[in-house]
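Assemble the whole structure, with the sequences as input and the hints as a guide.
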Amino acid sequence: MNRFPPWKYALIALAIVAAFLYTLPNFFGESPAVQVSSVKATVKVDGALMARAEDTLKAANIPYTGVLLEQTSLRVRFGDTDTQLKAKDTIDHALNPDASNPTYVVALNLLPASPRWLTAIHALPMYLGLDLRGGVHFLLQVDMQAAITKRLESLAGDLRSQLRERDIRHGGITREGQTLRVRFRDAATRDKAREVIASNLPDLNVAEREDGQDWLLVATLKPEAIKRTQEYALKQNITTLHNRINELGVAEPVIQQQGADRVLVQLPGVQDTAKAKDILGRTASLEIRMADEERMNPEALAAAAKGQVPFGDEYYVERNGQPLLVKKQVVLTGDRLTDAQPGFDQQTNEPAVHLRLDGQGARIFQEVTRENVGKRMAILLIEKGKGEVITAPVIRSEIPGGRVQISGRMSTTEAADVALLLRAGALAAPMEIIEERTVGPSLGRDNIAKGFNATRWGFVAIVAFMSIYYVLFGLISSVALGVNLLFLVALLSLLQATLTLPGIAAIALTLGMAIDANVLINERIREELRGGATPQAAIAAGYERAWATILDSNVTTLVVGLSLLMVPGAVRGFAVVHCLGIGTSMFSAVVVSRAIVNLVYGHRRRVAHLSIGDTAWT
Amino acid sequence: MEFFKIRRTIPFMRHALIFNVISAVTFLAAVFFLAYRGLNFSVEFTGGTLIEVGYQRSADVERIRRTLDGAGFKAEVQNFGSSREVLIRMHLEKNQSSADLSRKVIEILKQEDSAAELRRVEFVGPQVGSELANLGSVALLVTAVAIVLYLWMRFEWRFGLSAIVANLHDVVIILGCFAFFQWEFSLPVLAAVLAVLGYSVNESVVVFDRVRENFRKMRKASTVEVIDSAITGVISRTIITHLCTQMMATTMLLFGGPALHYFALALTIGICFGIYSSVLVASPLVMWLGAKRDQFVKPLKRGGARDEHEGAVV
Numbered sequence: 001m002n003r004f005p006p007w008k009y010a011l012i013a014l015a016i017v018a019a020f021l022y023t024l025p026n027f028f029g030e031s032p033a034v035q036v037s038s039v040k041a042t043v044k045v046d047g048a049l050m051a052r053a054e055d056t057l058k059a060a061n062i063p064y065t066g067v068l069l070e071q072t073s074l075r076v077r078f079g080d081t082d083t084q085l086k087a088k089d090t091i092d093h094a095l096n097p098d099a100s101n102p103t104y105v106v107a108l109n110l111l112p113a114s115p116r117w118l119t120a121i122h123a124l125p126m127y128l129g130l131d132l133r134g135g136v137h138f139l140l141q142v143d144m145q146a147a148i149t150k151r152l153e154s155l156a157g158d159l160r161s162q163l164r165e166r167d168i169r170h171g172g173i174t175r176e177g178q179t180l181r182v183r184f185r186d187a188a189t190r191d192k193a194r195e196v197i198a199s200n201l202p203d204l205n206v207a208e209r210e211d212g213q214d215w216l217l218v219a220t221l222k223p224e225a226i227k228r229t230q231e232y233a234l235k236q237n238i239t240t241l242h243n244r245i246n247e248l249g250v251a252e253p254v255i256q257q258q259g260a261d262r263v264l265v266q267l268p269g270v271q272d273t274a275k276a277k278d279i280l281g282r283t284a285s286l287e288i289r290m291a292d293e294e295r296m297n298p299e300a301l302a303a304a305a306k307g308q309v310p311f312g313d314e315y316y317v318e319r320n321g322q323p324l325l326v327k328k329q330v331v332l333t334g335d336r337l338t339d340a341q342p343g344f345d346q347q348t349n350e351p352a353v354h355l356r357l358d359g360q361g362a363r364i365f366q367e368v369t370r371e372n373v374g375k376r377m378a379i380l381l382i383e384k385g386k387g388e389v390i391t392a393p394v395i396r397s398e399i400p401g402g403r404v405q406i407s408g409r410m411s412t413t414e415a416a417d418v419a420l421l422l423r424a425g426a427l428a429a430p431m432e433i434i435e436e437r438t439v440g441p442s443l444g445r446d447n448i449a450k451g452f453n454a455t456r457w458g459f460v461a462i463v464a465f466m467s468i469y470y471v472l473f474g475l476i477s478s479v480a481l482g483v484n485l486l487f488l489v490a491l492l493s494l495l496q497a498t499l500t501l502p503g504i505a506a507i508a509l510t511l512g513m514a515i516d517a518n519v520l521i522n523e524r525i526r527e528e529l530r531g532g533a534t535p536q537a538a539i540a541a542g543y544e545r546a547w548a549t550i551l552d553s554n555v556t557t558l559v560v561g562l563s564l565l566m567v568p569g570a571v572r573g574f575a576v577v578h579c580l581g582i583g584t585s586m587f588s589a590v591v592v593s594r595a596i597v598n599l600v601y602g603h604r605r606r607v608a609h610l611s612i613g614d615t616a617w618t
Numbered sequence: 001m002e003f004f005k006i007r008r009t010i011p012f013m014r015h016a017l018i019f020n021v022i023s024a025v026t027f028l029a030a031v032f033f034l035a036y037r038g039l040n041f042s043v044e045f046t047g048g049t050l051i052e053v054g055y056q057r058s059a060d061v062e063r064i065r066r067t068l069d070g071a072g073f074k075a076e077v078q079n080f081g082s083s084r085e086v087l088i089r090m091h092l093e094k095n096q097s098s099a100d101l102s103r104k105v106i107e108i109l110k111q112e113d114s115a116a117e118l119r120r121v122e123f124v125g126p127q128v129g130s131e132l133a134n135l136g137s138v139a140l141l142v143t144a145v146a147i148v149l150y151l152w153m154r155f156e157w158r159f160g161l162s163a164i165v166a167n168l169h170d171v172v173i174i175l176g177c178f179a180f181f182q183w184e185f186s187l188p189v190l191a192a193v194l195a196v197l198g199y200s201v202n203e204s205v206v207v208f209d210r211v212r213e214n215f216r217k218m219r220k221a222s223t224v225e226v227i228d229s230a231i232t233g234v235i236s237r238t239i240i241t242h243l244c245t246q247m248m249a250t251t252m253l254l255f256g257g258p259a260l261h262y263f264a265l266a267l268t269i270g271i272c273f274g275i276y277s278s279v280l281v282a283s284p285l286v287m288w289l290g291a292k293r294d295q296f297v298k299p300l301k302r303g304g305a306r307d308e309h310e311g312a313v314v
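Same order as they appear, the protein sequences are chains A and B. Residue numbers are given in my numbering: position 377 of the first sequence equals residue 377, and the series is strictly consecutive. Residue numbers are given in my numbering: position 229 of the second sequence equals residue 229, and the series is strictly consecutive.
For the record, the hints were derived by calculation from the structure and aren't laboratory data. Model, not experiment: these values are computed from the prediction. C-beta atoms are modelled at their ideal positions from N, C-alpha and C, and glycine is treated no differently. You may find that some hints are simply not true.
[As the list claims (entries may be wrong)] Part of the chain A face toward chain B, derived, beta carbon under 7 Å:
1. Leu128
2. Glu435
3. Arg437
4. Thr438
5. Asn453
6. Ala461
7. Leu501
8. Pro502
9. Met513
10. Thr549
11. Asp552
12. Ser563
Written out as C-alpha cells, the structure is:
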C-alpha cells in the first residue's frame with residue numbers, strides 16, 4: 001500500500017530537476033555590462049549598432065565576453081568592473097560624438113552571469129526589488145483637474161472662433177469651475193449657438209438657463225470626454241517621463257501607470273536622487289517658428305555652421321542632417337497644441353501627422369500660413385534652453401480651423417515618432433511626487449545578507465530539531481522542506497516576481513510554517529503506532545488522516561495571503577511569496593515526503609520498526 | 001525522543017472559565033492601551049519623511065538633533081540598528097517641498113561630518129498614507145470575513161465564529177503590545193499581524209478537525225470529553241509546530257537586522273498567543289456556543305450502514 005507507481009516517482013524527480021535548473025541562475029551572480037539604448041525615437045537599436053560597438057571595442061583593445069542584442073537595447077558583457085567603466089566611456093564617445101546632444105543612452109548594468117543555455121530556457125535569477133539592490137522609487141500624482149481645466153479653456157477658445165465665424169453675437173464666454181457659461185441677448189441666438197456646439201463641439205454637453213435678462217448656455221464636458229482627456233494626459237505624461245529618464249542613463253527604468261491618475265517610476269541603481277527629481281520635474285516646451293528663407297543660401301548656412309549666425313536667426317540641424325536657419329521670433333508655443341496623432345493623408349494616403357490647435361492657436365496659425373504660403377516653418381522642442389528641430393514642413397496653403405496635417409517624405413514610423421515627440425514635449429498636466437523611496441546600494445547588500453542569514457540559520461535549527469525528534473522521519477521532513485525551498489526559489493525566478501526584504505521574510509516564515517504539515521503527519525503516524533497499527537498501515541493512515549487537516553489549515557492561510565495582496569508596497573511583496581509558498585509547501589510536505597517514505601519503507605517485505613522516535617512508552 | 005508522554009486525557013475544559021477570564025483581561029488591557037496610547041504608526045501610514053544616514057564611527061545623535069534644529073528642521077533623531085546608523089523622522093509640514101527636504105538634510109549633515117552617507121529615504125505624501133491605512137483595515141476585515149465563511153462552510157458557524165473571535169483577540173493583543181511599548185507599526189508589521197491571524201486560524205482548524213473526528217468516533221462521550229480528548233491529541237503537535245515556527249522568528253530577530261526587527265517581534269507575540277488562543281480560547285467558545293454531536297453526525301441508519309468518516313477499523 002505504500003508504493004507509488006513508477007511514473008509518479010519519475011514525475012516528482014522531473015519536478016525537482018526542473019526546479020533545480022530554474023534555481024541555478026541565482027548562484028552564478030552577476031557580471032558587469034554596458035547597456036546601449038536609443039534616446040531618439042527615430043534611431044533604432046539594430047545589428048549595425050552592434051557591429052559598430054564591437055568594432056569600437058576591438059579598436060580600443062577592450063576585451064568583452066559577450067554581446068546581446070535585444071529589442072530595444074544592446075548589452076555588452078565584461079570580465080570585471082574596471083573594463084566595464086573603461087568600455088562605457090569608449091562606447092559613449094564613439095556613439096555620441098556630440099556630448100551635448102546624445103543619440104544613445106550608454107548605461108552601466110549588471111547581467112546574470114549564468115551560462116547561455118540557462119538563459120535560453122528562460123532561467124533567470126530572481127528579480128530583486130529596490131530595497132535589495134538600491135535605487136529610487138517615485139509615485140507621481142497627475143493633477144487631473146488641471147488637465148480638464150486646460151481642455152475646457154481650449155474648448156472655450158474653439159467655441160469663440162466658431163461663433164465669430166458664423167456671426168453669432170454673444171455676451172462673453174467664461175469658465176466657472178468645470179463649466180463654461182455663454183451669455184446671449186435672446187433665445188433665437190442662443191438656439192443658433194446651441195446648434196453650432198452640437199454639430200462642431202461634440203465633447204460638450206449643453207444646458208439652457210435664464211439669468212435675469214440674459215439667456216445662458218451652460219456647457220460641461222461629457223463624461224466620456226473627461227475620461228478621454230484624463231487618459232490622454234496620463235499617456236502624454238508617461239511618454240514625457242520616458243524621454244526624460246532616458247537622459248539619466250538608467251539601465252532598466254520602470255515607468256508605469258498606476259490606478260487612474262498615478263505614475264510609478266522606478267530607477268534601479270540611481271543614487272543621485274536630486275538629479276532624478278530635477279529631471280522628472282522639468283518642463284520642456286514646443287515652439288513653432290518660421291524658417292528664414294531669404295537668408296538660407298549655401299554660403300550663409302556654411303558660415304552659420306561655423307558659428308556666424310545671421311542676426312535674429314538660429315542655426316539648427318534637422319533630424320535628417322539638413323541644416324536650417326530659423327527665426328528667433330516665436331509664432332506659436334506648445335500650449336496651443338492640444339493633440340498630435342500619426343495617421344494618413346486622406347487624398348494621397350501618405351503617412352502624416354495630424355495636429356490640433358486650440359482656438360487662439362488656430363487663429364494665429366491661419367494668419368501665419370496665409371502670409372507664408374510656399375515657405376517653411378519649423379517645430380522645435382526646447383529643453384533646458386536648448387532647441388531641437390522635430391520637423392520643418394513647407395506650408396502649402398492657408399490652414400484654417402486649427403487642424404494641421406504634416407505629410408510628405410515620411411514613413412509610417414517617422415510619422416509615429418514625430419507625433420510622439422510633439423506630444424512628449426511638455427507634460428499635459430502638472431505632477432506631484434506623493435511617494436519617494438531611495439535605498440543606497442550598501443543598505444541593499446546588507447538587507448540581502450541579513451535576510452539570507454536569518455533564513456539559513458532558521459532552516460538549520462529546524463532541520464536539527466526535526467532530525468533529533470523524529471529521527472529518520474524528521475530527516476525526510478527536512479529534505480521535503482529543502483525541496484520546498486527549492487521549488488519556491490525556482491517559482492520566484494521563473495515568474496520573475498519582485499523579491500523584496502519582506503519577501504525574504506516571507507520565505508523564512510513559510511518554511512517555519514510549512515514544517516507544520518510534516519509534524520502533523522509524523523504525529524499521526526506515531527499515534528497510529530501507539531494505537532497498535534502495523535508500521536505500513538501506520539504510514540498509510542498517518543498520511544491519509546493528516547491530509548484533510550493540512551488542506552484545511554493551508555486554505556485558511558491562503559485566504560489571508562490573498563487578502564494581503566490588496567495592500568500595495570511591502571505587504572504585497574510579502575504576500576506574493578507567502579501565497580506561492582503555501583502551494584509549494586503542500587506539494588513538498590505531502591507528496592515529496594511520502595515519495596521518500598515509500599522509497600525507504602514501501603518496497604520492503606517486512607517492516608518491524610519505523611524510525612520515528614520512541615513510541616513504545618504506552 | 002518524545003516530549004509529551006500523555007497517558008490520559010487532560011481536562012482542559014474544566015478550567016475553561018479561568019482561561020476565558022484571563023483572555024478577557026488581557027484583551028481589555030490591550031484595548032485600553034490601544035485607546036489610551038494609540039499605535040506608533042510609521043511614516044508609511046502617517047505621511048512624512050524618513051532618512052537613514054550611515055556614519056563611519058559612532059554617531060552623535062544629540063549633536064545631529066541640535067544641528068537639524070539649528071537649521072530649522074523639526075525632526076526626531078534616533079539610532080537605528082547599530083550606533084553608526086541614525087534614523088531621522090520628519091512629519092509632514094505645510095508648504096515644504098518633499099523633493100528638496102532629504103537633499104537639504106543630507107547636505108547639512110555632510111557639512112558636519114563628511115563621512116555621512118545617505119542610506120535610505122522614504123517620503124510618503126498624506127493621501128498615500130491614509131490610503132494605505134484604509135487598505136490595511138479593509139484587508140483585515142476581508143480576511144476575517146473570508147475565514148469565518150470558510151470555516152462555516154467546512155465545519156459549522158459556531159466553529160467559524162469561535163475561531164475568528166479567538167484569533168482576532170490575538171491580533172488585538174499584538175496591537176496592544178505595540179501600543180504599550182510604542183513600537184513602530186509599519187507595513188511589514190501589518191503583514192506579520194495578518195500572517196499571524198492566518199497562522200492561528202490554521203491552529204484552531206487543527207483542533208477543530210480533531211473535535212469533529214472525535215465527535216464521530218466517540219459516540220458516547222459528552223461534548224466536554226470530546227473537546228478534551230481532541231486537545232490532548234493535538235497538543236504535542238501544536239507545541240512542536242509552534243516551536244519550529246518560532247525558531248524561524250527567533251533567527252529573524254537575531255540575524256534579520258533592524259528592518260525585520262518589529263516584523264519578527266510581532267510574529268513572536270503572535271505565535272505565543274496563538275497557541276493559547278486556539279487551544280484554550282477557541283475551544284471553550286465552541287463549547288459555550290453549544291456545539292453538539294448531531295451537528296456533525298447523521299443519525300445512524302438502520303441496517304448498520306457505516307459512517308464513512310467513522311475512522312479506521314481494525
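Outcome of the hint check:
1. Leu128: 15 Å, violated
2. Glu435: 5 Å, holds
3. Arg437: Result: holds, 5 Å to nearest chain B Cβ.
4. Thr438: At about 4 Å, which falls below the 7 Å cut-off, the nearest Cβ of chain B leaves the hint on threonine 438 (chain A) intact, so it holds.
5. Asn453: Since the shortest Cβ distance to chain B is 4 Å, the answer is holds.
6. Ala461: This interface hint holds because 4 Å falls under the 7 Å limit.
7. Leu501: OK, holds: leucine 501 (chain A) within 7 Å of chain B, min 6 Å.
8. Pro502: 5 Å, holds
9. Met513: This interface hint holds because 6 Å falls under the 7 Å limit.
10. Thr549: 5 Å, holds
11. Asp552: 5 Å, holds
12. Ser563: With a minimum Cβ separation of about 4 Å from chain B (threshold 7 Å), the hint on serine 563 (chain A) holds.
This entry does not satisfy hint 1, going by the numbered hints stated previously; all others are met.
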